[in-house]
Amino acid sequence: MTTPGVESPSPRLLRQLTLNEYRSTVTDLLQITNPDTTAIPPDVTIAGYTTNVTGTYVNQTYMDAYSSTGTALAARAVKEAYTTLVTCTTQDTACATTFVNAFGLRAFRRPLVADETARYLKLFDTSVTGGDFKVGVGLVLQAMLVSPNFLFRSELGTDGGQGTFSLTQYELASALSYTYWGTMPDSALFTAASTGALANKTEIETQARRLLADPRGRARIASFFYEWLESPRAYIAAKDMGTYPDLYKGATGLSGIVDAMRAEEDAFITNVVFDSTKKFSELFTADYTFANDTLAGFYGLTAPGTGSVPAKVSLGAGSPRGGLLTMGMFLLGHARTNESSPTQRGHMIRANILCTDIPPPPPNVNTAISQGAPGATARQQILALTSTGICVTCHSLQDPIGFGLEGFGGDAMPRTMDNGGVVDSSGQINGLPGTTAPIMFNGVKELSTFIATNDIARKCLATNYYRYARGFAPLATDLPASDKLGQAFVDNDQDIPELFVQVALQDSFTTRRSAETLTQ
Amino acid sequence: MAAPLAQLFRMHRGRAAAGGAVPKVVFFYTPCGVEPNLWHPTQTGANYTLPKLSAPLQPFQSDCIFMDGVSMYPLTDHQGGSQQMLAGDDRDVMTLDLQLGKLLAGQTPFSSYQFGVQSRISKGGTSSVPHPHFTRISLKQEVFAQDDPLAAFNEIFGSSSSTPMTAPAAALLAAQQKSVLDTATGDLNSLMNQLPGSEKAKIQAYSDSLRALELRLTAPGGGMMSADCSESAAMFNPTGFTVPQVSDPNQASYNQTNNRGVVADLQMETARLALACGRTRVVTLLFEHTNAHNPIDGLGIFGVHDASHFNAPPGQLAGQGTPEQVDAKLTAWENYRVWYAQQLAKFITMLKATPDVTGTLFDNTIIMHCSELGDGEPHKTDRIPYIFAGGSALGFKLGQAINFTGSVPTSMGGAHDGIKNLAHSSLLTIVAQKMGLPLTEPLFGFNGAQGLNPAMLGIV
Numbered sequence: 001m002t003t004p005g006v007e008s009p010s011p012r013l014l015r016q017l018t019l020n021e022y023r024s025t026v027t028d029l030l031q032i033t034n035p036d037t038t039a040i041p042p043d044v045t046i047a048g049y050t051t052n053v054t055g056t057y058v059n060q061t062y063m064d065a066y067s068s069t070g071t072a073l074a075a076r077a078v079k080e081a082y083t084t085l086v087t088c089t090t091q092d093t094a095c096a097t098t099f100v101n102a103f104g105l106r107a108f109r110r111p112l113v114a115d116e117t118a119r120y121l122k123l124f125d126t127s128v129t130g131g132d133f134k135v136g137v138g139l140v141l142q143a144m145l146v147s148p149n150f151l152f153r154s155e156l157g158t159d160g161g162q163g164t165f166s167l168t169q170y171e172l173a174s175a176l177s178y179t180y181w182g183t184m185p186d187s188a189l190f191t192a193a194s195t196g197a198l199a200n201k202t203e204i205e206t207q208a209r210r211l212l213a214d215p216r217g218r219a220r221i222a223s224f225f226y227e228w229l230e231s232p233r234a235y236i237a238a239k240d241m242g243t244y245p246d247l248y249k250g251a252t253g254l255s256g257i258v259d260a261m262r263a264e265e266d267a268f269i270t271n272v273v274f275d276s277t278k279k280f281s282e283l284f285t286a287d288y289t290f291a292n293d294t295l296a297g298f299y300g301l302t303a304p305g306t307g308s309v310p311a312k313v314s315l316g317a318g319s320p321r322g323g324l325l326t327m328g329m330f331l332l333g334h335a336r337t338n339e340s341s342p343t344q345r346g347h348m349i350r351a352n353i354l355c356t357d358i359p360p361p362p363p364n365v366n367t368a369i370s371q372g373a374p375g376a377t378a379r380q381q382i383l384a385l386t387s388t389g390i391c392v393t394c395h396s397l398q399d400p401i402g403f404g405l406e407g408f409g410g411d412a413m414p415r416t417m418d419n420g421g422v423v424d425s426s427g428q429i430n431g432l433p434g435t436t437a438p439i440m441f442n443g444v445k446e447l448s449t450f451i452a453t454n455d456i457a458r459k460c461l462a463t464n465y466y467r468y469a470r471g472f473a474p475l476a477t478d479l480p481a482s483d484k485l486g487q488a489f490v491d492n493d494q495d496i497p498e499l500f501v502q503v504a505l506q507d508s509f510t511t512r513r514s515a516e517t518l519t520q
Numbered sequence: 001m002a003a004p005l006a007q008l009f010r011m012h013r014g015r016a017a018a019g020g021a022v023p024k025v026v027f028f029y030t031p032c033g034v035e036p037n038l039w040h041p042t043q044t045g046a047n048y049t050l051p052k053l054s055a056p057l058q059p060f061q062s063d064c065i066f067m068d069g070v071s072m073y074p075l076t077d078h079q080g081g082s083q084q085m086l087a088g089d090d091r092d093v094m095t096l097d098l099q100l101g102k103l104l105a106g107q108t109p110f111s112s113y114q115f116g117v118q119s120r121i122s123k124g125g126t127s128s129v130p131h132p133h134f135t136r137i138s139l140k141q142e143v144f145a146q147d148d149p150l151a152a153f154n155e156i157f158g159s160s161s162s163t164p165m166t167a168p169a170a171a172l173l174a175a176q177q178k179s180v181l182d183t184a185t186g187d188l189n190s191l192m193n194q195l196p197g198s199e200k201a202k203i204q205a206y207s208d209s210l211r212a213l214e215l216r217l218t219a220p221g222g223g224m225m226s227a228d229c230s231e232s233a234a235m236f237n238p239t240g241f242t243v244p245q246v247s248d249p250n251q252a253s254y255n256q257t258n259n260r261g262v263v264a265d266l267q268m269e270t271a272r273l274a275l276a277c278g279r280t281r282v283v284t285l286l287f288e289h290t291n292a293h294n295p296i297d298g299l300g301i302f303g304v305h306d307a308s309h310f311n312a313p314p315g316q317l318a319g320q321g322t323p324e325q326v327d328a329k330l331t332a333w334e335n336y337r338v339w340y341a342q343q344l345a346k347f348i349t350m351l352k353a354t355p356d357v358t359g360t361l362f363d364n365t366i367i368m369h370c371s372e373l374g375d376g377e378p379h380k381t382d383r384i385p386y387i388f389a390g391g392s393a394l395g396f397k398l399g400q401a402i403n404f405t406g407s408v409p410t411s412m413g414g415a416h417d418g419i420k421n422l423a424h425s426s427l428l429t430i431v432a433q434k435m436g437l438p439l440t441e442p443l444f445g446f447n448g449a450q451g452l453n454p455a456m457l458g459i460v
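Protein sequences, first through last, are from chains A and B. Note that my numbering has the first sequence beginning at 1, numbered continuously upward. Note that my numbering has the second sequence beginning at 1, numbered continuously upward.
These aren't lab readings, by the way, just hints derived from the structure by calculation. Accuracy of the hints is not assured; some may be wrong.
With a straight-line cut-off of 27 Å between C-alpha atoms, the simulated DSS-like cross-links for lysine-lysine are [claimed, not checked]: (1) B:Lys434 to B:Lys102; (2) A:Lys134 to B:Lys420; (3) A:Lys122 to B:Lys178; (4) A:Lys134 to A:Lys79; (5) B:Lys420 to B:Lys434; (6) B:Lys434 to B:Lys352; (7) B:Lys140 to B:Lys380; (8) B:Lys52 to B:Lys434; (9) A:Lys79 to B:Lys178.
Restraint ranges, calculated between C-beta atoms of paired labels, are given here [to be verified]: (10) B:Lys200 to A:Gly305: 35 to 45 Å; (11) B:Glu231 to A:Asp125: 35 to 45 Å; (12) B:Glu231 to A:Lys79: 30 to 40 Å; (13) A:Gly242 to B:Pro378: 23 to 33 Å; (14) A:Thr277 to B:Pro244: 37 to 47 Å; (15) B:Thr322 to A:Met417: 33 to 43 Å; (16) A:Thr191 to B:Leu173: 35 to 45 Å; (17) A:Lys79 to B:Pro378: 50 to 60 Å; (18) B:Lys200 to A:Ser194: 53 to 63 Å; (19) A:Gly253 to B:Lys178: 22 to 32 Å.
Just a few of them, taken from the derived set where beta-carbon distance is under 10 Å, the chain B residues facing chain A [stated by the list, open to error]: (20) Gln141; (21) Asp148; (22) Val180; (23) Pro196; (24) Ile203; (25) Ala205; (26) Ala318; (27) Asp356.
These numbers were taken from a predicted model, which means no experiment stands behind them. Every residue gets a Cβ at the ideal spot worked out from N, C-alpha and C, and that includes glycine.
Input sequences plus hints: build the corresponding full structure.
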């Protein structure tokens, strides 16, 4: 591998809270449970990531939703958490000032400046409160919840001259809490910011490790993997009941199975990353999984007897399963209604796990050009469709990888026959950088073994985490930072949590440049 | 971002004459094209018979203009078609509904409103989330429709409609809302000063949205409704449809297959009320999206998009299904298309029954039925199922079928280089002009509207 170039400061950004971040933040900020945020539109994902800053804008739909949701949540908070939020009882200007400054610090994730305090104190004017102090409190909550200072977290920094900016202590506290928890800073982070402790990288590291070890850190990392593997596809994958009756047999039907598969993936990943070897290779080669009773029943494993809670289950020697590529979320999500999809599966592995950019199919592609003979396997049909003409250039990068997973149907279950033909799960990886001949393999376990120790794949995890954590696809200027992260992960054979910590210890985590416009 | 379209328009609001009914527009989208031969009438002129898929509109033959031979250029597919549908071509411009809203901003509480019937549904939220860009500020800034019919109603009419407020209470509420927004504006202004250029577009979108919210609250009639409208609004949601809270919006009641009908009814009713009560003059109503994957309850088991590719096996877009599979998917697809035509017929009926300042709401409202494709099965943007309905007071010559195939007006260069039909941008231009936006540039599209004399097309 080549040595990465010189790391540059990152772009100055405003980062709109994602829907999940908004939910977690209002929960922590207002001290209420289960906030109703259904009015807010779903996040716009860019290359699978909800955290990408170029995806979402506060257009009218969002503004209406933030306004109506904020108003309702403010009313709830005044009713349910008033004494937590307002610690003084005098109901005078002094008390209002104390409240505005204390709540403002948490809502804007930094202390208010004098102008801001004055602006919010106007909401206690009797012309708008009708003389009711609590109404003023409610209006402050409402106003702060639609303020850009709340809806966007700032990574703008302060000008250090020569086009370089540094994040403030409070911006750093937020960067840490949203990176590792997806919510606002806790009191320890606020304290660290207020004392200037985050100027010291040792303190940043201490905080990063603390946050990551917390249950919220585990959940955030599971979310990263969920988006990296494009696992939400399992939820939109309609499945033909005639072809896959077993998916519908359980009491909770298909959605119950998919929920169980998600629980499997989350539990497996957090186990590998936090509790087991913490190594990349185990993600692909583990000889166990986590299944709840529903999933164990579906997979044909012995039920652990834990109800809906997934428990560690040994797969046993000779099992066709083992590792992420053999899990339900992957196999079922990246497949068609009544068939596997070597193209989808191969694309996913090539693009997201091996980091090869594959352009989308050309517009107006004629999807009905030809078809395999009746009774042909999926592999034969795909080859008939894509092995000639302009299609072959891209499809040769992905389909032959996906062929290796043909031992599993579109229902994520092992199979030896497909549409009357014998399954052929030999595959190959063509044109991988640094190779001169295709990498041949037979079946998903051999493919997984290859990926488990492949440097491109390991580095690709780092690249993806960088994108997720930092909120943008690196421009040329940012590539050295992203490359450096991956290089260290590979060269030092780092544990996965170490990769996650290292992102915050890069100089570019705390420094910013006046940036060109980012692209999607 | 492209230059705002408004710069290319000459501001012109003369048609909203004082005392008369003002022009209004509804963009009525149904997904995935049609089978053109089963949709477009074979005859032209006043006497035409509608084939199977558009047959539910036969009773409204004299209220519609059916148009065959309209294409979307550059020729494209689902995604391109949805992006171009209200933008005219593939350039990165603001869509017509938002442009009209921008021009009319301040005249009604909502400059425009986008209603959806399961238009945002996607379970999970990956790249499979639909981003059709039907309505957009730019290709980077999509505006999503409101799919929750109760939320749409509450946003437009205020949740207090069922409990009338005293005047002082309403005044206090208005003052509070204004103070909250003024405070946010103050925060915005402070923040603006420290932003790098790259983040300006992001905060500009926030700023525009905040301003729109403020305009809504301060517009004439923004806080209170007339007695007639209050009365109609009080009868909203007769079946008592509810939207229980769920953590994943895709699991919401309004996104369930079996609720599509009631959601469509509620959204059409709110759209009707919004137009009738002066809450907005520009409505976009989206039935699903390009990759609609729910079936229509009782009419078939295949997702709408899946069914539209009826030659392929179930769940697939390519390949050849067995004769039984093709028959099953085709039957579903034709059932679905008939259902959409029924919805349009229902909406026409509703507007015809609603009085306006002069005439009926239907007389003063242009309904433009559109889709992102013409022939859905092979993904062609020729023979798109455009219909104009209503708008007779604006000069629309209703009660005829026109076929533009092969008859590109010479003013548009005539037929050449594969341009053999009328560009859909011409239709958007007519709507723009009738809503008071005469073009000074060939804006809406490919070979589109330069020098367009609408009279030549026989539509108005």
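These are the hints, each one checked on the structure:
| no. | hint | in the structure |
| --- | --- | --- |
| 1 | B:Lys434 to B:Lys102 | holds, 15 Å |
| 2 | A:Lys134 to B:Lys420 | violated, 68 Å |
| 3 | A:Lys122 to B:Lys178 | holds, 12 Å |
| 4 | A:Lys134 to A:Lys79 | holds, 10 Å |
| 5 | B:Lys420 to B:Lys434 | holds, 26 Å |
| 6 | B:Lys434 to B:Lys352 | holds, 20 Å |
| 7 | B:Lys140 to B:Lys380 | holds, 25 Å |
| 8 | B:Lys52 to B:Lys434 | violated, 32 Å |
| 9 | A:Lys79 to B:Lys178 | holds, 23 Å |
| 10 | B:Lys200 to A:Gly305: 35 to 45 Å | violated, 58 Å |
| 11 | B:Glu231 to A:Asp125: 35 to 45 Å | holds, 36 Å |
| 12 | B:Glu231 to A:Lys79: 30 to 40 Å | holds, 32 Å |
| 13 | A:Gly242 to B:Pro378: 23 to 33 Å | holds, 27 Å |
| 14 | A:Thr277 to B:Pro244: 37 to 47 Å | holds, 43 Å |
| 15 | B:Thr322 to A:Met417: 33 to 43 Å | violated, 19 Å |
| 16 | A:Thr191 to B:Leu173: 35 to 45 Å | holds, 40 Å |
| 17 | A:Lys79 to B:Pro378: 50 to 60 Å | holds, 58 Å |
| 18 | B:Lys200 to A:Ser194: 53 to 63 Å | violated, 31 Å |
| 19 | A:Gly253 to B:Lys178: 22 to 32 Å | violated, 50 Å |
| 20 | Gln141 | holds, 5 Å |
| 21 | Asp148 | holds, 7 Å |
| 22 | Val180 | holds, 4 Å |
| 23 | Pro196 | holds, 5 Å |
| 24 | Ile203 | holds, 7 Å |
| 25 | Ala205 | holds, 4 Å |
| 26 | Ala318 | holds, 4 Å |
| 27 | Asp356 | violated, 26 Å |
The structure does not agree with the numbered hints 2, 8, 10, 15, 18, 19 and 27 stated previously, though it agrees with the rest.
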